[in-house]
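Construct the entire structure; sequences and hints are all you get.
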Amino acid sequence: MFPFMKKSFSFTSPNVCFRAENAINVNFTLSAFEIPAEGYAAAAGMDAANGFLGGNLLGCGYWPFTLRPKDSTRSSTKSAFLSQTAARTSLKIYQSCMARTLLFNESKRAIGVNVTASGMKPFTVRVRKEVIVYSGFIYSPQLLIVSGIGPREVLKRYNTTVISELNGVG
473 MFPFMKKSFS FTSPNVCFRA ENAINVNFTL SAFEIPAEGY AAAAGMDAAN GFLGGNLLGC
533 GYWPFTLRPK DSTRSSTKSA FLSQTAARTS LKIYQSCMAR TLLFNESKRA IGVNVTASGM
593 KPFTVRVRKE VIVYSGFIYS PQLLIVSGIG PREVLKRYNT TVISELNGVG
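Numbering of the sequence shown is given in this note's numbering, commencing with residue 473 and proceeding in unit increments.
Calculated directly from the structure, the hints in this document are not laboratory data.
Using N, Cα and C, we set each Cβ at its ideal position, and we do this for glycine too.
All the given hints hold, so there is nothing to weed out.
Straight line, CA to CA, 20 Å or less: simulated DMTMM-like cross-link-like pairs of lysine to aspartate or glutamate:
id, residue 1, residue 2
1, K580, E637
2, K478, E602
3, K564, E602
4, K601, E578
5, K580, E602
So the derived label-pair ranges between C-beta atoms look like this:
id, residue 1, residue 2, range
6, G642, A515, 15 to 23 Å
7, S568, D519, 34 to 42 Å
8, K478, G640, 16 to 24 Å
9, F595, A558, 15 to 23 Å
10, S607, K628, 19 to 27 Å
11, T561, Y606, 17 to 25 Å
12, F609, N586, 15 to 23 Å
13, A509, E625, 24 to 32 Å
14, I565, D519, 29 to 37 Å
See below:
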């Protein structure tokens, strides 16, 4: 899936058909939540981020990542990434499920995911190649920590076996 995600990144310059000739006026509206959010992030010690494509994922800021430039429609994970790959036999998509823990072999390689779905008993999904974790900005770190990946002191606090000490998680 990662190669498809990488292929989806591109830059499209603004379409001059959508603005008046030589116009420089830009109207950009932030919601009542977004206006103070950067101040709250700064008060919590978080730096302003100048964009995530430079490799630094730490920080707070706003970017139009969910707009498809060619037709100016909103994009989602499904339309941007999954629709291109869903028909592949090598990819199995589980909808409306929640990952409980990642499973590892003796070499600390991810071999599966313990999953639950509404109204079902937990089950295990085994993988041959890779596990791609995307559970949002809150649940991805939580999943890694309950699976044993994260800062050692956090893992020890919750009596979680350390699979990989990774201080950037959380």
